[in-house]
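Required output: the full structure, derived from the provided sequences and hints.
One letter stands for each residue in the lines below.
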Amino acid sequence: METTTQPAPRKEPFLRNYWYVAALANEVRPDAIFSRTLLNEPVIFYRRADGSVVALEDRCCHKHYPLHGGELEGESIRCGYHGMKFGPDGVCVEVPGQTTIPRNCRVRSYPVVERNTWIWIWMGDPALADPSEITDFGWLDSSTWAGRSTVFHVKASYRLIIENLLDLTHLSFVHKSTIGNAAVTDKADVQVERGDNEVKITRWIMDAPPPPAYAACGGFTGNIDRWQIIHYAPPAFCRLYTGACAAGTGARAGNRQQEMGWRNLNAITPETETTSHYFWGQVHNHDIDDPGMTERVFNGVHIAFQEDHKVFEELQRNLDRGARDIPEINTRADAGALAAIRILNRLLSEQDAGHAAMVRPSDYRYAPLTDPA
Amino acid sequence: METTTQPAPRKEPFLRNYWYVAALANEVRPDAIFSRTLLNEPVIFYRRADGSVVALEDRCCHKHYPLHGGELEGESIRCGYHGMKFGPDGVCVEVPGQTTIPRNCRVRSYPVVERNTWIWIWMGDPALADPSEITDFGWLDSSTWAGRSTVFHVKASYRLIIENLLDLTHLSFVHKSTIGNAAVTDKADVQVERGDNEVKITRWIMDAPPPPAYAACGGFTGNIDRWQIIHYAPPAFCRLYTGACAAGTGARAGNRQQEMGWRNLNAITPETETTSHYFWGQVHNHDIDDPGMTERVFNGVHIAFQEDHKVFEELQRNLDRGARDIPEINTRADAGALAAIRILNRLLSEQDAGHAAMVRPSDYRYAPLTDPA
Amino acid sequence: METTTQPAPRKEPFLRNYWYVAALANEVRPDAIFSRTLLNEPVIFYRRADGSVVALEDRCCHKHYPLHGGELEGESIRCGYHGMKFGPDGVCVEVPGQTTIPRNCRVRSYPVVERNTWIWIWMGDPALADPSEITDFGWLDSSTWAGRSTVFHVKASYRLIIENLLDLTHLSFVHKSTIGNAAVTDKADVQVERGDNEVKITRWIMDAPPPPAYAACGGFTGNIDRWQIIHYAPPAFCRLYTGACAAGTGARAGNRQQEMGWRNLNAITPETETTSHYFWGQVHNHDIDDPGMTERVFNGVHIAFQEDHKVFEELQRNLDRGARDIPEINTRADAGALAAIRILNRLLSEQDAGHAAMVRPSDYRYAPLTDPA
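Just so you know, the protein sequences line up as chains A, B and C, in that order. FYI, the working numbering numbers position 301 of the first sequence as 301, with every residue one higher than the one before it. FYI, the working numbering numbers position 213 of the second sequence as 213, with every residue one higher than the one before it. FYI, the working numbering numbers position 49 of the third sequence as 49, with every residue one higher than the one before it.
Accuracy of the hints is not assured; some may be wrong.
[To be verified] With a Cα cut of at most 30 Å, we get these calculated DSS-like pairs of lysine-lysine:
1. B/K310 to B/K155
2. C/K85 to B/K85
3. C/K85 to A/K155
4. A/K85 to B/K85
5. B/K155 to C/K176
6. C/K187 to C/K85
7. B/K85 to C/K187
8. A/K310 to C/K155
9. B/K176 to B/K187
[To be verified] Here are the in silico distance ranges between beta carbons for each label pair:
10. B/N40 to A/K155: 27 to 33 Å
11. B/R29 to C/A182: 26 to 32 Å
12. A/R29 to B/S177: 22 to 28 Å
13. B/R48 to A/E71: 50 to 56 Å
14. A/A356 to C/K310: 21 to 27 Å
15. B/R29 to C/L128: 58 to 64 Å
16. C/P126 to A/D320: 26 to 32 Å
17. B/N299 to A/R29: 31 to 37 Å
18. A/Q98 to B/A253: 38 to 44 Å
19. A/D320 to C/D363: 38 to 44 Å
20. A/K155 to B/N299: 37 to 43 Å
[What the hints assert, rightly or not] Residues from chain C that face chain B, not an exhaustive set, calculated with beta carbons under 7 Å:
21. T169
22. H170
23. F173
24. L315
25. A323
26. I329
27. T331
No wet-lab data here; the hints were simulated from the structure. For glycine and all other residues, C-beta sits at the position ideal for the given N, C-alpha and C.
This is the structure we're talking about:
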């Protein structure tokens, strides 16, 4: 078995030419300023009259006062310190006390798109921003799925969250009370496919007892055939196609008429090297008109993800106090996560070397279950 | 327009051969030890029998235990750890358990002067300390002015406070509810005079509505002619000669018989590179026998300065998370502040190069309104 | 008098091939996991079925998750993240989801011994660990002594605690209300013996008033002859043989029939360079069947040691903000502490140079009052 160590900090630790999730749509309310640090940069968000979202550097170009301390004036924002005013493109339109505008007087503006109940931001070269190349999270506003999403602020690197999602054997130990049981580790038939720029992990757990949340939500009285198909794409998108049918009804062979279908949808956006905004949603394709079911499904996963949240921060603490330099002993279950981290590291190296690394959703080869219409 | 960036940290970040304000006089009470860190050095203060103030290094020369944990014995202080005793000149006068005193056994003592309700300290070469060269803040104990002073502990560099005081256009945005209104920026006629070692900024706002605090305290029912004359001298003295007369009564031509005269008096003493002790006072020359008026005037400015306090700390936070390296876009209103910072940087460079930089009040050329007798 | 400065941080700041105190025996309870950082390494402790203690690295070798978040299974521990299981020797015995164990799959295990109510750990080369070479603290479970021990978490270097214990003149200033009075400094006849690897300080205070705790516990109505014999051995063992007899009854000549004998027992284990676990006990050889007396004796010292605790942290704060580089002026009373610190620094240098520095209790030459049987 190979060993790995956590990478040394880089000058530029994040992939730049990618769409990242910046906020839940409902975090950016009309007539209000929302601020968040993303990829080490402070950003503000607000809405134009037509509802479209503006994203600007949260730092006036005059004295670097945070613009979130200022005031909206129509579609512009006025700094709260000396009153410099910027349009939604970040260009200064007024300097109080003088009639001319200094050359280059602007704050950075970012391409931004609202899609699938999330607000997406492009923090790389604006000329390369293509809204058609946003990773699909269409389940979140599909008419044939029910569910919702939220965001956790996690004091841990986004890498630790990716590794977590790509090795589901942890469900048997961290999430025994909800979505995990021994079978997830012991009975799983696992296949890992490694693409140039993506990873697909297929796990089948045949003829095994359902974990607590599956029994509660799926009404299973006997054993189940359960699947977990995980798709990873950089920088940090992990979409989990999961579900179960009563054991022996032919799910693996393709008969999923009676499936309890769940999707677990994850997009992690680094705040800094060691803190993250973890956006995730949970949807289901059964009982979609029953809000109580949606709450039960969401709450089960929410309990589990709060358990993970604690794990992430404990891991980061141990890394910060010395474990960073200690090799990790890898197991077979790490295969998918190792492949993902290797892709990430290669893309970062290419970016450091001056290639504008980009993996477009249209390049994905392994996202087979295109549920949303 | 030029751009500027915040300077990189220096080995010695503070001008040394200057008098700085160390404390309000009433912070150093009889028979008590007062301690404060100034220019990165911990210092204690106490009073002799005649009331004069002693300033010593807050660090026993034996094991570096803070002397503020010890006890006064007459005009001496005894360390609370092993009982070493120091006279008011910092020289060790007793080592318990032995009859001899080790060579060089002393803590640093600082020249100190109590003047104008403040305690001043000289932290440079003691041979150069001349009490006649303390910047005048005589309004604070003048019989023809009323008012008082206080001190803020600010988590920001003293530079940010100087820049704030030398660009008063911020009153229109930060202090709308008290001492600012749109006219302060829009209608100001501004003149900047740059001396070798000081800056004078003269602002006249003619025939404009009074801001809330001026209306409340000056009883103005119509427009006013308002002036703000700012004197900066290094390291961080900013004295603001301000006031107003009813519009058209000839204030600018010299007729100030009916003036509402205010002075805003600022002396900032660095604690560290990124924290400051901000001493400031506010005085007025009208209704000086009415304590209620003094409270109203002081409180109006106090509300405004609490607003500034928040601004300073937000600015420092943005600097600390990366803005330090981003150029600032300067405006016309920055002219005075830029001149002041340029003087400060030049004096620090000269000090680094081995010149004992000193700008004496007797060298000031631009302090024209010498109000105190 | 010579001067000294605090040493610069080293790559390896701690002596490794030594037994250190890791915990009070009752901190490690049956069926529970106890965790503590020692010498910069996170460690867990638990008990086998026979009560013997296991010490393992608190960091799974897979993903570095802290093992204290896992669960005991008999004499093994299972990681709480992906369920890797380790035996009491630290060797991995199970990787869930696979039948083979990766090569080198283990966490570090440490030799550990329970003795004299304390749990001892060896964090150096395991081949050199010899339980017969644990420094004797037999008073803590002797049938002819009564008393008990505790542990303080101190935000200060272990060096500051050693220096404190080896210069008892501080009792006259820090501990006036309990174990100190002026005589401890003024009337002490002090002899310092410096060995190659240990220090012995003998202090006799003849015909002097008892300090408050001695008067309260020893029932002395007149002056006493008091002794303090301090033995230091590296890394940080300070055993104080103290006591008193009525003055003039011949204690110094050897007649201690009527002695009030106390022992103050100290073992400091570094947590980090600037934080420490300070284990200390207090025992007495009079009224040993009176639990009230034991409480009185312990509480008097406990009050004093809480005073020291504050002193340590104030000292560390002053070191951290610049005093580290300022020479200390030494006094005659520092002789013992200076000798101890010199031994410590020499042993650390030898260790840096590749010698496995070790000072064994069987090498001690100066531990003359071997009270426990």
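Does the Cβ distance between C/P126 and A/D320 fall inside 26 to 32 Å? holds, 27 Å
Taking the Cβ atom of A/R29 and the Cβ atom of B/S177, is their distance within the range 22 to 28 Å? Check passed, 25 Å falls within 22 to 28 Å.
Holds or violated: are the alpha carbons of B/K155 and C/K176 at most 30 Å from each other? Violated: B/K155 and C/K176 sit about 39 Å apart, past 30 Å.
Grab the minimum C-beta distance from C/A323 to chain B and call the hint holds if it beats 7 Å, violated otherwise. Holds. Min distance 4 Å.
For the pair we were handed, C/K85 and B/K85, check the Cα-Cα distance against 30 Å. violated, 61 Å
Against the 30 Å threshold, does the CA-CA distance of A/K310 and C/K155 hold or violate the hint? Within the cut-off at roughly 26 Å; holds.
Interface hint status, C/T331 versus chain B (Cβ within 7 Å): holds, 5 Å
Lying within 50 to 56 Å: is that true of the beta-carbon distance B/R48 to A/E71? For B/R48 and A/E71 the Cβ distance comes to about 54 Å; the hint holds.
38 to 44 Å as the expected CB spacing between C/D363 and A/D320, which holds or is violated: Holds, at about 39 Å.
Verify the proposed pairing of B/K310 with B/K155, using a straight-line Cα cut of 30 Å. Holds: B/K310 and B/K155 sit about 9 Å apart, inside 30 Å.
Could you tell me whether the CB distance from A/Q98 to B/A253 stays inside 38 to 44 Å? With a Cβ separation near 27 Å, A/Q98 and B/A253 fall outside 38 to 44 Å, so the hint is violated.
Straight-line Cα separation of C/K85 and A/K155 no greater than 30 Å? With a Cα-Cα distance of about 27 Å, the restraint between C/K85 and A/K155 holds, given a limit of 30 Å.
The structure is inconsistent with the numbered hints 2, 4, 5, 6, 14, 18, although it conforms to all the rest.
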